[in-house]
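Visitor: Sequence:
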Amino acid sequence: CRDEGHYMILVPRNFVFGKGNNISVTMYKTTEDEILTFEVFKQNETYLTVETTVNPDSSKFVELMLPSELKDHYSVKLRVTGRGAVGFNSTTSIWISKQDDVYTLNTQAIQAQLDRPFYSSNELVRLRAFGLNKNLTTVLQSMNISVFDPNGNMLAKWTDEHTSSGVVSKSFQLSDRPILGTWYFKISQEKDESFVYFSVRSYSLPKFEVNVDATHHLVDFSMGYLYLLQDTFNVNVTAQYTFGKPVTGRLELNISLGHRNEHTISKVMNITGFVSVNIPFRQLLESNDTIHVPQYRSYCNIPNIVIKAEVTEDLTQKTMMAPETSIKVESAPIRISHSTNRNLKYGLPNYSDVTVKRADDKPLTENDRIYPLKIKFSENDTKEFDIPIDGKVRVHVDVPEKQNMNMRMEIIYTGHHKGRNFEIKSTPYLSRYRAVNNTNIDAMVPQKYYKVGEEVHITVNSSRPISSAAFLIMKDRKTLMNRFVDVNDETHFTINFMATEDMIPNIDFLITAVSTEGSFAADGGKIPVTVTLENKITANFSAPEGRAGDDVTLNVHTSPHSTVFMMAIDRSIELVEKPDYITEEDILSVIGGMPGSVTKVNAYNPKEIIRNFGLDIMTNFPGIESLTRYPFEERRVFHEPVMGSMYLKDDRPSMSSENKKKIRSFFPQTWMWTEGDADENGLVPITAKVPDTITRWVVNGFSVGPNGVAPMKKPTEFYSYQPFFMFLNYPKSVIRDESFPLKVSVFNYLKTDQEVNVTLLPWDELNPEEKPITETVHIKSNRQVLVTFNIRLKQVGTQPLKVRAVSGEITDEVHKYVLVKPEGITKYFNKPIMMNVTGSEPVLENFALTLNDTSSNIVPDSVRIEVSVIGDLMSQVDAAASGLVRKPSGCGEQNMINFYPNVLVYKYLEASNRLGDDLKAQLIEYTRHGYQNQLRYQHKSGAFSAFGENDSRGSTWLTAFVLRCFAEAKKSMPEVYIDDNVLVKAVKWLFIRQSENGKFFEVGQVLHKAMQGGASEGTAMTAYVLLALLEYRDLIDTHENLEPTRNSTEVAITLAELYLKSVPSNMYSKAILMYANALLGNDMTFEELRAELESYAVIEGDFKYWKSLKIKRSWYAEDEVVEEADVEMSAYVLLAYAKRNEVEKGLPILRWLVKMRSSLGGYDSTQSTVIALQALAQFAPMINSCCDQSVTIQVVDNTGYSYSFPTVTSETNTILYKHVVSCH
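Here the numbering used here = 1-based position in the sequence shown + 343.
Since the hints were derived computationally from the structure, they do not count as laboratory data. The reader is advised that the hints may include incorrect statements.
[Stated by the list, open to error] Restricting the straight-line Cα-Cα distance to at most 30 Å, the calculated cross-link-like pairs of lysine-lysine (DSS-like) are:
| # | residue 1 | residue 2 |
| --- | --- | --- |
| 1 | K1230 | K1123 |
| 2 | K651 | K761 |
| 3 | K1145 | K1123 |
| 4 | K513 | K761 |
| 5 | K1164 | K1137 |
| 6 | K441 | K385 |
| 7 | K500 | K1174 |
| 8 | K700 | K1056 |
| 9 | K441 | K1328 |
| 10 | K943 | K869 |
| 11 | K1137 | K1230 |
| 12 | K1230 | K1263 |
| 13 | K1450 | K1561 |
| 14 | K651 | K719 |
| 15 | K1145 | K513 |
Computed from a prediction, not measured in an experiment: that's the story for all the values here.
Modelling step: build the complete structure from the supplied sequences, incorporating the hints.
Guide: So, in structure tokens, the structure goes:
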């Protein structure tokens, strides 16, 4: 090129197909316009040509959009030709990706909060949800919320919910017998969707917590066990009730070296709130008589000391474990770290930061700073530096002009430990940045991050005068700014620009410069850009503690005209599982998380800096290509942080005692779930009555206002407390008339001892002939006693327990409830009813519930009648069906595993009028692909096998399976062409595999045995082939090319039918035969099979299914007999009922099949998936959805009791409503 200026073109190394790809162009010291031509080509074919003009001393970017012809290409070349003052021709290679591999930030995210992570029967589930915009304000558009049980049933739905604050609050009442497991809320707003999970289970909340605080570290100076033989370490264990008082009980302490428990000390001792134990290390090491010597000399690498503590409360014998704690063995009590601002650059300020830090993370002491820090660079003299209190020493580094010289740094720290001096030496290497003619620039950003709306300042210093520069601002590889700067031969210049919202969460900046003599330099880095939480929220109570029933005020301070959303839960809940509070990290996640700090590219030369941003450089600047790395790179040491210990509050002074009688019966686990608007001063006073629970309450919340959303950074706490009280401990549920212990823990924190009468009060459910039961106990001050009553309850249902404790000074009375269950074994009876509501006239359906047991066997008061109503039962399987769509590929077996589900999904969704255009096109494409792929594995004989002609012969089972699949595709998907000759050849080959008695034999092999399900051998094989022939026979009437096979098909079907009648069959074969006889129309045989199979059916509530006895074989153990639910059998029975249009018989089976599907919509095996999906597809047209009208359903029994369900509409027809009918 001519020496009339320079050009620099920055090209992304990776182009994204379907998006604009930005190329930066800068011309330096040119005198006229430069015409640039960009050509994208491969070999001799050009796919894209773009031309642009660049003015002298200016920058611009060019956007290239790859044409559709390059959709399936992986790489191309880019040629750039310049015509004008410079004149050049340069070529580079670029890669093509189908999608962008950079992080894409959500512009809106849904945040949700539950009051608790787990619930039990009859409890209220509370939810708050809101959407967040990129500016951290709430989304005001409407929101849809649904709640689902573990079986996928939708039990509640709210649509078009919105509020002025953007926060939607909803609650859902659990029934007295909810399904246990994982439930979830589904929340959708505009294009966003979120799922919030919670568990429903039986649980008991702990009343105390245990924590361990231990020495953070031991020091062995890398000398191993021997150095520590004389050391000791302290272990402090704290056990406190949630209301802050000490726990009296038994402590079991286990201390071991590592987790292998080869060296373990176990200590058992009493504890009253706190215990401190001093452990000699020698005792730990000598706890095992045998020392296991490793193969290699690893004795210096001592594992952490692991501490486990468990406390058993004296009163109730309940046990709580502390979080596991570790003591780390350090090589030294002091750590030295070092960092440089970048690789060393000649002619610019260079420094290295050395940090001296204690291993236990405590502040440095005077003893730690007795001796100066010694630092030496390469051959220079050693310098000494006093160590400041923060331990940070900044050292200036003189960089010699010589280009090929790295620097070795030597750091020496001298300390004092256990009466002896020690020395720590660190020798990091400092790498030299290689520049053209020692022309360096250093871009400095004064702030850690910038907020949207602030002006960003980048100060650039240079080692030589700069004539001109250019800066490039990129976000996710997209160019936001590309500007030229005239520097006028200065060594210092500033670049300013405004931080905008599209720069969140960070931007890349690249600065290139040309010195006065024409040398090229570059520098760059990353700048975080964020939106700060302008809104604030804090909360405090009018008093730190209060008695049950007292009025207390929570004062919440926030920005004026904001709305606060507060919650207060029992601390006991956090001891089991911490709720998902709304946190600052949650809020900022919508903009990429908490803002970090400015980072610089730590590269070794200008070209490497540019490549760090995913760019290649085309240029005529001399010397860039000759720059290489140095052989030594900077060595860095990273240390893991030491975890801090948990801290518990000290005991509080006791409250004054008044002899006020109050019945304590209000024991919520969620005390507050409220919201309020702030006044002009930002104050929200919230008044509430203190619950009757003696505990610590944890209060959290967030604020929503004009300045966005802000969560509380730290929760506040409140103690509900009184100096004299009881805890009742009893089972969550009991059996009627069975004795159980009611344990009453009585706590006396009065200043004097108390004589206390503890009385179990009479109630109708207790034996009315008995008088109140009273026990008198003496309780010392600050002590507790346990009183136990053994009682029986004789009435089923939720029954009260009432206990009163009376002393001379004070009284406490507690009322709680226990669930009493009937004795006996639960049996389920199910009566499904399909109601065809098509007109305006009421539809009446009368039925009698007949229990199969005689009345003498029914436990009194145990009958429970639950009525369930749903308008659109099939909606429960829609999402599961579409989740099974896969593109077929692989061998002849693998291909069919994905082929058949696509056909059945198409059939099911088409039958239920839910097949969308996009999914339909995808299913047709995949099915055509799978059909063409499968033809590669058909033998000339017509059979199919895993690898076609590469196998010695075809497989009977696989050929029958392919015949079924292709026949179904031909019937259900007219858009997919299936050659009749393929079917004819396959069915003729199957005829040959049939013996004279009608049995079909398996020839060949199926490699993937699991895809056969239960039809791999015996009568099940013959029954399976029979089904394939029956389904093929349905095609003959409509496809004349198949007519020549009619007679042979009928003969094969008859022979197979006779054979199956003549031989004994297992349960699986009977299920297939039931469906086969439904196809054949053999009513008598069908009824015989129905009666036999129904006698073995398992009925559980709304579900019906079958189990088969199977043998599970494994290579590592003897044969193990297991009983497992059989999806295939149940699906075949459902197919039989669908064929005979017996909808009500099939509904319980349908419900069970829906329940058993996996998260991906399928089942455990290929056969179970396809047979179940086939059954669903057959059943779908029989289910009339309540879509176009409103329907009211009322249940009335013969006693006059009635209940009206909520109106079922097109919006609520997917909700499963349930109601328990009163039994008289």
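Visitor: Work down the list of hints and note, for each, if the structure agrees.
Guide: Each hint, compared with the structure:
1. K1230 <-> K1123: With Cα atoms ~76 Å apart, K1230 and K1123 exceed 30 Å; violated.
2. K651 <-> K761: holds (29 Å)
3. K1145 <-> K1123: holds (24 Å)
4. K513 <-> K761: Between K513 and K761 the Cα gap is close to 62 Å, so the pair fails against 30 Å, i.e. violated.
5. K1164 <-> K1137: Measuring from Cα to Cα gives roughly 10 Å; hence the hint holds.
6. K441 <-> K385: holds (18 Å)
7. K500 <-> K1174: holds (26 Å)
8. K700 <-> K1056: With Cα atoms ~28 Å apart, K700 and K1056 stay inside 30 Å; holds.
9. K441 <-> K1328: violated (42 Å)
10. K943 <-> K869: holds (6 Å)
11. K1137 <-> K1230: violated (62 Å)
12. K1230 <-> K1263: OK: K1230 and K1263 at ~13 Å, within 30 Å.
13. K1450 <-> K1561: Status holds; Cα separation ~28 Å.
14. K651 <-> K719: violated (46 Å)
15. K1145 <-> K513: Given that 30 Å is the threshold and the Cα spacing comes to 34 Å, the pair is violated.
When held up to the earlier numbered hints, the structure conflicts with 1, 4, 9, 11, 14 and 15 and fits the remainder.
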